[in-house]
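Quick mapping for you: the protein sequence lines, in order, are chains A and B. For reference, each letter of the first sequence is one residue, going 1 to 271 in the numbering used here. For reference, each letter of the second sequence is one residue, going 272 to 553 in the numbering used here.
Simulated from the structure, these hints should not be mistaken for lab results. Each residue gets a CB set at the ideal place from its N, CA and C atoms; glycine is no exception. Hints are not guaranteed to be accurate.
To be verified - Just a few of them, taken from the derived set where beta-carbon distance is under 7 Å, the chain A residues facing chain B: (1) Leu-202; (2) Asn-203; (3) Ile-249.
To be verified - If you only want the chain A side, here are some residues facing chain B, beta carbon under 7 Å, derived: (4) Ile-9; (5) Ser-22; (6) Asn-24; (7) Ser-218; (8) Leu-257; (9) Ser-258.
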Amino acid sequence: MKNVIKRSIQLLNLVSNNKTISTNEIKDSISDYRDLSDQAFRRSFERDKSLLRSFGYLLEYENDKWGFDQGYSLGGSYVFNKIKKESKIDIDEFIANYLIVKRSLNLEIEELVNPEILSKILLATNDKKRLGFTYLSKYRKVKPQGIRFHDGSWYLAAFEGQILKTFKIEYISDLKVGNKENLFNTTDEPFNFSWEDSKAFLNICISLPKSLYIANKSVFSHKLIKHEQNDEIHIRTSDTYGLVKFLLICDGSFELLSIDKPDLIKEILDE
Amino acid sequence: MNKRLNIKFIQSFLKTIKNKPLWLIDNLLLELEISEKELFYILTIVSDIYTTSGETFIDYEINEDKKEINFNLSENVSEFLSINDGELFNIFFLLSTDANLLSLQEENKSIKDFSNILANYFSLESTDYDEPLRLPFNDQLNVIEYIKLGSTNSIFYKIKPITLKTNSDGIILEAFDVDENSIKSFLVERIVNITDDSEYLESSKIKTNTIKVEFDLLDENFLNKLGSRIYECVEGKLYMEFYSYENALDYAIKNLLFLEVAAPSDLLNDINKRKNNLMEML
């Protein structure tokens, strides 16, 4: 363990401050690697890289055929590096405030969003670069706008063509950032989901214990119109399928008081 | 050793000592929340590292009479210090949503400025927390009222929170279950109450058994959504194991457009009964 931590520090130290370093230089600079055979070095280096990756430090190989500095550099700290370059910001004060905030948290927080994907989205959004990724088996090229948190899930808001869409981050894979900067402008529009603009709403009123509503509300996209003291809830939704799931999960614990389009639910149950 | 000594902790350690090289050892231990043994373990690691120019990364001197430690840091340490995007994102998200951190910003102008700096880099919307998110856990014992997936009944757990994480189900609280002496994961949105000991009933817990389920696969694209989940798929049949009946029921309902339960029959009947009940209500 001691050697692993030591090697991690040495690796980060080698690539810190935007340095790019070749594989041979890495092998020569770290004593634990130096005497290993090429194969053993590869294995050990890959393990260390993956450990660092799990902490959000991304050792990435730059393979730009036009570039001079091929080799490994440190990704994953895009925001901090940008802030460091800002002449108006005192970086020591920034770090001191960061430590105060960290200390004020009751719990350690880990990976709200996959750090590798997050870092690439931040880079692309701030530098206005295009993102390419596989989303549920289909390849997409988008202009990222930001991140949205909704019902316990994280979404990337991005323009695909002229349409602003939201992509569930969990389903994004093989994410790549384009090379060119300043390809587009970012929007001030809210990152709406398509269902929020829908006019095909269903209104339903049920009586249900508040705790059950809280525990299961993320099952479907909806707007809570009213929550009465006597556990009566009025909901508006166009996510009929999600509503069916919600009602099936809460079976035996709710009473249906009114619904304006029962046929929409019946259609799903009949399928 | 209790403290998780990893590269993130080493970064925190370096950030702490960088602007204040001279420390009373006791104060430093308090600040880092580690034991003396852990401090010396860290020191043996970091003092054994040399920069590319051959100087020591960190040197230190201990004054045993005064119980002080004085650090001498190489210039490389400043370059080495970094905060990764994931950490800053977590903090920015909580600064915008967590009730404690929102009040900290009101009290402390420099924290407000810190939050404003981050706002320039994070384009983030959250609809879940129009009201500040309250995570009133502390690192001591808490009793939580929790509704498990697939269940409509509350269960009380006596827990010691460890960390918050995220996965495809949402934000997860990882905590130590005091009675079962094991670490468990709780979906934050399903914690419906944090209560005191008086309402706590250990007997409310029911021992669960794992269950194997056979599904008819209605949409083959569904397999792409399974990610790292363990399953077996043979000729249109999908076989999965769940840690409890309730968990299997929840999964079957949430994916009813893609999967149909073929076995066990109890589960199939339960789902059909629920569908019939709903149909009758409409």
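Hint check:
Hint on A:Leu-202 is violated. Least Cβ distance to chain B is approximately 12 Å, over the 7 Å limit. With a cut of 7 Å, the hint placing A:Asn-203 at the interface with chain B is violated, because the nearest CB-to-CB distance is about 14 Å. Against a cut-off of 7 Å between C-beta atoms, the interface hint on A:Ile-249 holds, since the closest Cβ of chain B lies about 6 Å away. Evaluation of the A:Ile-9 hint against chain B yields a held restraint, the C-beta minimum of about 6 Å falling below 7 Å.
A cut of 7 Å between beta carbons decides the hint on A:Ser-22: the least distance to chain B is about 13 Å, and the hint is violated. Annotation: A:Asn-24 was flagged as interfacial toward chain B, and the flag is violated, the nearest CB pair being 14 Å apart, outside 7 Å. Hint status for A:Ser-218 relative to chain B: holds, with the closest Cβ pair at about 6 Å, below 7 Å. Below 7 Å, beta-carbon pairs count as interface contacts, and A:Leu-257 has none with chain B, the closest being about 10 Å; its hint is therefore violated.
With a cut of 7 Å, the hint placing A:Ser-258 at the interface with chain B is violated, because the nearest CB-to-CB distance is about 11 Å.
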